[in-house]
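Here the structure of chain F is known, so what remains is to put chains R and S in place on it, guided by the hints.
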Amino acid sequence: MSELKEELKKQLIEQLNLEDFEVSDIDDNDLLFGDNGLALDSIDALEIIVLLEKEYGIKIADPKQGKDIMTSVQTLADYIESKR
Amino acid sequence: MVAMLLFILKSMENNQIIKEVSIEHGKVLINQSEFFTGETSDLGPFLKSLYKQLNLKYNKYFKMDHLSKLGFLASEVLLLNEGIANETDEVAIILANASSSLHTDVKYQESIADIPSPSVFVYTLPNIVIGEISIRNKFYGEHMFFVQPSYNKEELLDYTTCLFNSTPCKYAIVGWVEVNRNGDYSAKLMLCQNKK
Amino acid sequence: MVRVAAHNIISPLGCTSQENFDKVVAGQSGIALRKKGELSDTDFQAALLNMEVLKDKISGIANAEAYTKLEQLCILSLNEVLDGVDVKSERTGFIFSTTKGNITEITNNPHAVDALLATTANKIANYFGFKSSPQVISNACISGLAAFVIGRRYIDAGKYDNVIILGADILSKFIVSGFQSFQSLSPEPCKPFDANRDGLTLGEGVASVVLSKADNTNKACVEVVSGAISNDANHISGPSRTGEGLYRAITRTVGANEEVDCICAHGTATPYNDDMESHAISRAGYETIPVSGLKGYFGHTLGAAGVIESIISILAMQNNVVIGTKGTVEQGVVAPVNVTKENIQKPVNGLLKLMSGFGGCNAAVYFKKHGE
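Respectively, the protein sequence lines represent chains F, R and S. Residues 1 to 84 in the working numbering are what the first sequence spells out, letter by letter. Residues 1001 to 1196 in the working numbering are what the second sequence spells out, letter by letter. Residues 2001 to 2372 in the working numbering are what the third sequence spells out, letter by letter.
Rather than coming from a laboratory, the hints here were simulated on the basis of the structure. Do not rely on the hints blindly, as some may be mistaken.
So the derived list for chain F, only partly shown, Cβ under 10 Å to chain R, looks like this [as the list claims (entries may be wrong)]:
(1) E19
(2) I49
(3) G66
As the structure is a prediction and not an experimental result, all values here were calculated from the model. Quick reminder that beta carbons are idealized off the backbone N, C-alpha and C, glycines included.
Isolated chain F, as found in the complex:
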């Protein structure tokens, strides 16, 4: 699980061009969206959907479903685990 979270953080930094972030800057429970965390936006959310499909073969057809999954690195990892 912790390996998966490390991997996810790396992928997020790479895919979302978070150039001023290191893996160590992102806590598992940091909010991905909203001002009190990584402050990602709507395009990032779409790009995370692409990432899930590309790297983990998971398709999210309903964008509303994505909201709960994409709360934090922890929730993303939980979701990926549940699909494995």
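Coordinates of chains R and S only, in the frame set by chain F:
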């Protein structure tokens, strides 16, 4: 012909260029004087070194494509020390280039075969660079992106003068922001002031 | 003053403005379910041009095979509006509005010269022998309406006596997949301003307008009174939550003494766009003014949309009708506005046309009808 000449003469009265910035071949010039020279002139690394030089802390920058980064940094240099207020309708942005967003278009086209990338697709419009400059400075005003076969400065100044004569616009960022398919680049921006 | 002197629309609904207008008034739509194929890996809704219908007309173009599909359509449309316009005069300007032009040309060759928008504009201009150099506007989805704003300014400033506006975009996998990646395509034909709207429908179209300087206000005509372009300064793809940019464009366009009888909105039927527009419209004090959206008839035709929808609006003014918003069953936007579901017969003397697009851009134009 006479009407055309009269138009041109009338045009020039109100529109004054107060500053010029040029970015080409790894060099940034302000009013023809050297401001910054990168260690390399290659687009990606050069833009990165200029961003560092300007000491900006702006997360959105890293999301931009090359065209937006180039236009954004050129506008930052142009507005440096000018004290132009933000949160305003009074600054117009009139930009042009020859290649539109083709540098990113080709990148997006390649992504289609795999999984199309929304964050690349959004930059397949040349006016996104205007959006980026507007967001940074909270400029709500007039703007337009033109595509020209090659830099036609007079045509852009002509249009700027039209704006100065018919809108409350006090300043305009005007000029050329080009990244072609090979990654060759050029930015030539003017800061124009309405002297009406 | 600047008046609309001639116009043409080529869309799935027809090859003349009148034909398109008649079908719109009759409630017909060009949108249909398309099977997966060249444009999309899945079935999708779209308003696509039927090139078979246009085959005979295209064969009438001199050296037709030298032009791309888009360029052929542009030539056909301009052919219908240039009678009596001195294209060889330097007092006639030409504005070409498009978002992606011949983007399909890069599919096999990233260096294709025909993919450059200025090349497309020059080919079209040379076909007709325009003297002044074409100006290409590529400012996302406001491009077509922005051409009215800019064309009017040029005539007003004395640069030109006539400005020819051409708006054109056709669909490609490039465009369709992009909107799919944004999850913004609706599985059903789009439902502008509806409570259950779930995305936009793309369309193809080409349209032309001639704007002319006019001194005699006694003649019956529709005048392009004013226009403005603004930016949300908020986000590059998401519309402002408060309608800030569009609100500013409206207030800079409509003078204090001008009457707005009808608003032809952008109405893409994405949840955020239509909410944003409702904010801007109601903030401007137009809660009760009838609002029409035309995307249910044409789909979203991108760079052509502002031109096509303005022409339909002009004909609606001349025919005293507020056009019903096809696709709207139950209005459901956050701010109070008055979306028209069915056609309403009533005088429309002042009309406000709105468009918004990626990059946070917004445009507004105010049209006014003058009687005999």
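- Message: Name the hints, by number, that the structure is in violation of.
- Response: 3
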